[in-house]
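Visitor: Position one of the sequence shown corresponds to residue 6 (the numbering used here), numbered consecutively onward.
Some hints could be false.
What follows is a list of derived Cβ distance ranges for each label pair [unchecked claim]:
1. Pro130 x Ala40: 45 to 55 Å
2. Thr126 x Ser81: 45 to 55 Å
3. Ser11 x Asp47: 17 to 27 Å
4. Gly10 x Glu134: 37 to 47 Å
5. Pro130 x Pro8: 24 to 34 Å
6. Gly50 x Leu85: 34 to 44 Å
7. Leu131 x Ala78: 41 to 51 Å
8. Tyr14 x Lys129: 45 to 55 Å
9. Gly119 x Pro8: 32 to 42 Å
It should be emphasised that the hints constitute simulated quantities derived from the structure, not laboratory data.
Quick caveat, the model's predicted, so the values are computed rather than measured.
Cβ coordinates follow ideal geometry from the N, Cα and C atoms, glycine included.
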Amino acid sequence: GVPLGSMTYYFSGIDELLLEAFSSFTEIKSRQYQAFFSDVSDAPGACQAITDMIYSSQVATPDNMELMYQLYALASRKPLLKTVMQNWMQRSQQTLEQWFEPGTARALDAFIEGMTLHFVTDRKPLSREEILRMVERVAG
């Protein structure tokens, strides 16, 4: 563990520490998210990248999922962490808006978030083809 004196030297309290930690986590995740789309030039390519992101579980590692669950829980009662979560969602949606109109980008972002959780917890995860069909339905 980290000695309490070290924490209070760098941070005014636990809320500032959590804010810094989750801000850093979401910025890293946003960069990784954008990297999934680095070679995408059109909406069908974006649908393929979304499918790869969900199906590969590269983003949804056990450590990442644990941190995301903690952020969800804490954001429900800590306004600063809710803002961190909202900023993360906004960055994700802005990435998707390169190929989709804002309403569709928002729907796809929500689908990615939900399907990622389902994919890592389902007893029998969906096939890549099933996920792609769903992504294409949401994308229109």
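Visitor: For every hint, state whether the structure bears it out.
Guide: Outcome of the hint check:
no., hint, in the structure
1, Pro130 x Ala40: 45 to 55 Å, "23 Å, violated"
2, Thr126 x Ser81: 45 to 55 Å, "20 Å, violated"
3, Ser11 x Asp47: 17 to 27 Å, "50 Å, violated"
4, Gly10 x Glu134: 37 to 47 Å, "55 Å, violated"
5, Pro130 x Pro8: 24 to 34 Å, "42 Å, violated"
6, Gly50 x Leu85: 34 to 44 Å, "36 Å, holds"
7, Leu131 x Ala78: 41 to 51 Å, "26 Å, violated"
8, Tyr14 x Lys129: 45 to 55 Å, "49 Å, holds"
9, Gly119 x Pro8: 32 to 42 Å, "40 Å, holds"
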